[in-house]
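Colleague: Here is how the chains run, residue by residue.
Protein chains: 2
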Amino acid sequence: MKAVILLSGGLDSATVLYQAKADGCDCYAISFDYQQRHRRELKSAVTIAEGAGVMQHQIIAFNLRQWGGSALTDDGLELPKARSLAQMSEDIPITYVPARNTIFLSFALSYAEAIGAGRVYLGVNALDYSGYPDCRPDYIQAMQEVFNLGTKEGREGKGIEIVTPLINLKKTEIIELGNNLGVPWDKTWSCYAGGDLACGVCDSCRLRLAAFAELGLKDPLDGN
Amino acid sequence: MKAVILLSGGLDSATVLYQAKADGCDCYAISFDYQQRHRRELKSAVTIAEGAGVMQHQIIAFNLRQWGGSALTDDGLELPKARSLAQMSEDIPITYVPARNTIFLSFALSYAEAIGAGRVYLGVNALDYSGYPDCRPDYIQAMQEVFNLGTKEGREGKGIEIVTPLINLKKTEIIELGNNLGVPWDKTWSCYAGGDLACGVCDSCRLRLAAFAELGLKDPLDGN
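Chains A and B, in that order, give the protein sequences.
If you count by the numbering used here, then the first sequence holds residues 1 to 224, one letter each, in order.
If you count by the numbering used here, then the second sequence holds residues 1001 to 1224, one letter each, in order.
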């Protein structure tokens, strides 16, 4: 079965791509250049997609800086630094990009419909990103209904299924899954800061480092 | 109240913009350059937005030709010509762009959330475009649920409302409404063909010409 995989270049989406391969899918990756602060992640996405042997990799470009509203799309807003995991889960963080997953899933739906794919894989995670409204199961269910009603095939009962293998996993469990699937962690990129090396202090770096540490593993991106 | 208006430059969306003004909204227009065959419509969108005195007009660019799947985004597919209204309503036409309204509404949601708008106006019409899955009321309802669950404000019960003033109107009724609202028809653009003058034979032209004729009016874009 053909599947479209939303691939940011990060740890989660790379694991999802390898899961889709393990599920026997022909994988079509899609990534987004939305002028994010950490556009560097796209290089990782390209490398990971090539390494995984995807059938095709589409990079769709648009500019979410036109209205900003997030520290990832507005250089005037500072990235939160050195927050504890407890602090991260308290509120919707400034790194939340308005409706980003809705935009990403919409393009994935269009791509999937055009190529006749039966699935769209997305690496959302409700536990570690509990602050993000568009990472929760009820939101995904609402998008599934849009997939069913908003397409030709969905109307005919052959809808495109949204698959979220990580939605209820802890970050440590994602890393364990990825280890089993052979995900090349050294090729992934999670840092929000946009430097040449991972900063180690943004929320994304801290979540990742804490999970590797909890498992007694070393993150290959950890320069220390 | 701030409102985001999806403005293609066509007859329907221009009417919706004027309706939003009549509803007392501060209007923020959004248009899309998706490499559509009839990109000329964007010039009309700019002119109409200026004429209506919008607060801001965002044009978001991306390339749906990357996967095509529609006669509007693939020059290798021919536009249907000289079809009767009955023929048009039989099936989903080749001018259907996979998931286009889902993509458009997703960007509108992002923009609305970023500027704190309470409404998104969309000129979908379930009668004349009965073939399009993403123009029907149940699809709009599903997107409304995404708006509610996929945003900060929606989670707090202050969701952004999708408003579709034309959804149950016939084309003739839309023209009557637009006449009452003072929509400048001569500034609008509906033709799919992408020429300097409206072709008069694509589905969009024929729907429009038939409606003006039924009302005993002359379409200012009708060169004959």
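I should point out that these hints are in silico values taken from the structure, not numbers from a laboratory.
Hints may contain errors.
[As the list claims (entries may be wrong)] Quick list of the computed label-pair ranges, beta carbon to beta carbon:
no., chain 1, residue 1, chain 2, residue 2, range
1, A, ALA213, B, ASP1075, 48 to 56 angstroms
2, A, LYS152, B, ASN1180, 45 to 53 angstroms
3, B, ASP1091, A, ASN168, 26 to 34 angstroms
4, B, ASP1091, A, ASN180, 54 to 62 angstroms
5, B, GLN1056, A, ASN180, 48 to 56 angstroms
6, B, LYS1170, A, LEU85, 37 to 45 angstroms
7, A, ARG39, B, ALA1082, 41 to 49 angstroms
8, A, GLU156, B, SER1084, 19 to 27 angstroms
9, B, GLN1056, A, ILE167, 18 to 26 angstroms
10, B, GLY1051, A, ASP186, 27 to 35 angstroms
11, B, SER1084, A, LEU181, 29 to 37 angstroms
[As the list claims (entries may be wrong)] Interface residues of chain A toward chain B, partial, derived using beta-carbon atoms under 8 angstroms:
no., residue
12, THR151
13, LEU177
14, ASN180
15, TRP185
[Unchecked claim] Derived DMTMM-like pairs (lysine to aspartate or glutamate); straight-line CA-CA distance at most 20 angstroms:
no., chain 1, residue 1, chain 2, residue 2
16, B, LYS1158, A, ASP196
17, A, LYS152, B, GLU1156
18, B, LYS1152, A, ASP74
19, B, LYS1170, B, GLU1214
20, A, LYS158, B, ASP1091
21, B, LYS1158, A, GLU176
22, A, LYS152, B, ASP1074
23, A, LYS158, B, ASP1074
24, B, LYS1152, A, ASP23
25, B, LYS1152, A, GLU50
All of these numbers come straight from a predicted model, not from anything done at the bench.
Quick reminder that beta carbons are idealized off the backbone N, C-alpha and C, glycines included.
Colleague: Run every hint past the structure and note whether it holds.
Modeller: Results for each hint:
| no. | hint | in the structure |
| --- | --- | --- |
| 1 | A:ALA213 x B:ASP1075: 48 to 56 angstroms | holds, 54 angstroms |
| 2 | A:LYS152 x B:ASN1180: 45 to 53 angstroms | violated, 36 angstroms |
| 3 | B:ASP1091 x A:ASN168: 26 to 34 angstroms | violated, 41 angstroms |
| 4 | B:ASP1091 x A:ASN180: 54 to 62 angstroms | violated, 47 angstroms |
| 5 | B:GLN1056 x A:ASN180: 48 to 56 angstroms | holds, 49 angstroms |
| 6 | B:LYS1170 x A:LEU85: 37 to 45 angstroms | violated, 57 angstroms |
| 7 | A:ARG39 x B:ALA1082: 41 to 49 angstroms | holds, 47 angstroms |
| 8 | A:GLU156 x B:SER1084: 19 to 27 angstroms | holds, 25 angstroms |
| 9 | B:GLN1056 x A:ILE167: 18 to 26 angstroms | violated, 36 angstroms |
| 10 | B:GLY1051 x A:ASP186: 27 to 35 angstroms | violated, 56 angstroms |
| 11 | B:SER1084 x A:LEU181: 29 to 37 angstroms | violated, 55 angstroms |
| 12 | THR151 | holds, 6 angstroms |
| 13 | LEU177 | violated, 26 angstroms |
| 14 | ASN180 | violated, 31 angstroms |
| 15 | TRP185 | violated, 29 angstroms |
| 16 | B:LYS1158 x A:ASP196 | violated, 40 angstroms |
| 17 | A:LYS152 x B:GLU1156 | violated, 33 angstroms |
| 18 | B:LYS1152 x A:ASP74 | holds, 18 angstroms |
| 19 | B:LYS1170 x B:GLU1214 | holds, 11 angstroms |
| 20 | A:LYS158 x B:ASP1091 | holds, 17 angstroms |
| 21 | B:LYS1158 x A:GLU176 | violated, 39 angstroms |
| 22 | A:LYS152 x B:ASP1074 | holds, 18 angstroms |
| 23 | A:LYS158 x B:ASP1074 | violated, 24 angstroms |
| 24 | B:LYS1152 x A:ASP23 | violated, 34 angstroms |
| 25 | B:LYS1152 x A:GLU50 | violated, 36 angstroms |
This entry does not satisfy hints 2, 3, 4, 6, 9, 10, 11, 13, 14, 15, 16, 17, 21, 23, 24 and 25, going by the numbered hints stated previously.
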